[in-house]
Amino acid sequence: MAHGRVAVPSVLPGFGLTFGFTVSFLSAIILLPLAALVIRAFEIPPGDLLGLLTDERAVASYRLSFGAAAIAATINAVFGFIVAWCLVRYDFPDRRLLDTMIDLPFALPTAVSGIALATVFSPAGWLGQQLAAAGVQVAYTRLGVVVALVLIGLPFVVRSLQLALADVHRDLEDAAESLGAGGFHVFRRIILPTVLPALATGFTLAFARGIGKYGSIVFISGNLPFATEITPLLIVIRLEQYDYAAAAALGFFMLAVSFMMLLAINAVQGWGQRRLGIRAVR
Amino acid sequence: MAAGGGTSAELRTMTRGSRVTRALLLAVSFAFLGLLLLAPLGAVLAQAFAKGVGAWYSSLAEPDTLASIRLTLLTAAIVVPVNTLFGIAAAWAIARFEFRGKSLLVTLIDLPLAISPVIAGLVLVFVFGAHGWFGGWLIERGIHVIFAVTGIVLATIFISFPYVARELIPLMQQRGSDDEVAALSLGARPWTTSCASRCRRSAGDCCTA
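Each protein sequence line maps, in turn, to chains A and B. Counting from 1, position 282 in the first sequence corresponds to residue 268 in my numbering; the numbering is continuous, with no gaps. With the second sequence counted from 1, adding 331 to any position gets you my numbering.
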């Protein structure tokens, strides 16, 4: 076989064709453009690169992007758990409807969810009015960014937890209960350890997506420098100002973070598989 | 009956305490999703139809709107077949053969899912923009990528091509290659081995972009 050196020989045809096509497509669509970004960033003298990355406005945007993504992922870990629990454990009339709704943030164009949130949380909106009366403003504040990211991250947490919760052995719970364990004890000692890898996977996925999100946030964040400006937006602003060096530096930083998040996701999923044989989600 | 009114068989086996927990958790779930998902979507729908269906239709029929819808559909029509082709090729290579660097290949396919859409646009500017690697050469020859349909299509391919491959790889791995080996051994030609592709996700994402 022509490709015996690379691949284990197989009777099935088409390895050369499909492998070649996959690799060339990936190189043209992914590797070449990413290489352009990395090379562009390294053309900047190291001192300048560091200066661009630690620019006050950039640091403020990292703080918002990472902080809001972490808070949103935590909120999703708690409420996503409750939603997943209800979907897996309880039988109620609107279960199918609720299940379908979880995928809405995936299916909706990001701009639509952004506009929808801005509409309802703006001081004149349905919820914004009530919240304004209580002295809380969501739209055009950092809180708005968190709300938008909660919406983005919810499906990741719920979907990975649903699979894991369905895998929890009810026999073990029944056994524990018959031995006198209370509800909380069963939850902490049996359910939580089983679904912990899935929870971690969902959290990491939600966090990773949250960092890079742009479309749904720009509508609700207000986009004030130093206050409600996320890193992806700052990249777009630099690009529009033809400040290619700053855009390249920030883009390189975000790319490096994405790589690390991808490694983290793989590590978390690998940990879960080793621990319990839980299937990876998406 | 507890809130939500589940099946009576389920409720009968529950203790009073767990019925309260159930009602509480369901209430929290519905409140959370209602505030986060339904209220915003309802607000958008209400606003879209606030001036009646006629006003909605006439704003939809504006030339700008129609042009943008046409562009979105055109982009999807180009991107979905390209991504499906790539997805099938990648899934076949990955699910059916053992080769060195396989996990690296899978990671690379996943990469666009982890990368911010803004980065996808940025890298295309660096390659095809006026000061990019090929941008100057292409623009001299009258081919514009950035601020043109080609750029939109490329960016959409970039962010959505993992979906088909990601759906197909587990599917093909699960089914195993026994069927195909059997078909081949019985004299079937390679093309008769069927490939069910699921490009729904991909199509959805094209509209998103």
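By construction, these hints were calculated from the structure, which means they are not laboratory data. The beta-carbon is built from N, C-alpha and C at its ideal position, and this holds for glycine as well. Treat the hints with caution; some may be incorrect.
[What the hints assert, rightly or not] So, partial list: chain B residues that the calculated Cβ filter (under 7 Å) puts toward chain A:
#, residue
1, A354
2, L355
3, L364
4, L391
5, E393
6, L405
7, I409
8, F417
9, A426
10, K433
11, L435
12, V437
13, F465
14, F489
Hints, verified against the model:
no. : hint : result
1   : A354 : violated (10 Å)
2   : L355 : violated (9 Å)
3   : L364 : holds (6 Å)
4   : L391 : violated (15 Å)
5   : E393 : violated (18 Å)
6   : L405 : violated (16 Å)
7   : I409 : violated (14 Å)
8   : F417 : holds (5 Å)
9   : A426 : violated (10 Å)
10  : K433 : violated (9 Å)
11  : L435 : violated (10 Å)
12  : V437 : violated (9 Å)
13  : F465 : violated (9 Å)
14  : F489 : holds (6 Å)
Figure legend: structure checked against the earlier numbered hints; hints not met, in rising order: 1, 2, 4, 5, 6, 7, 9, 10, 11, 12, 13.
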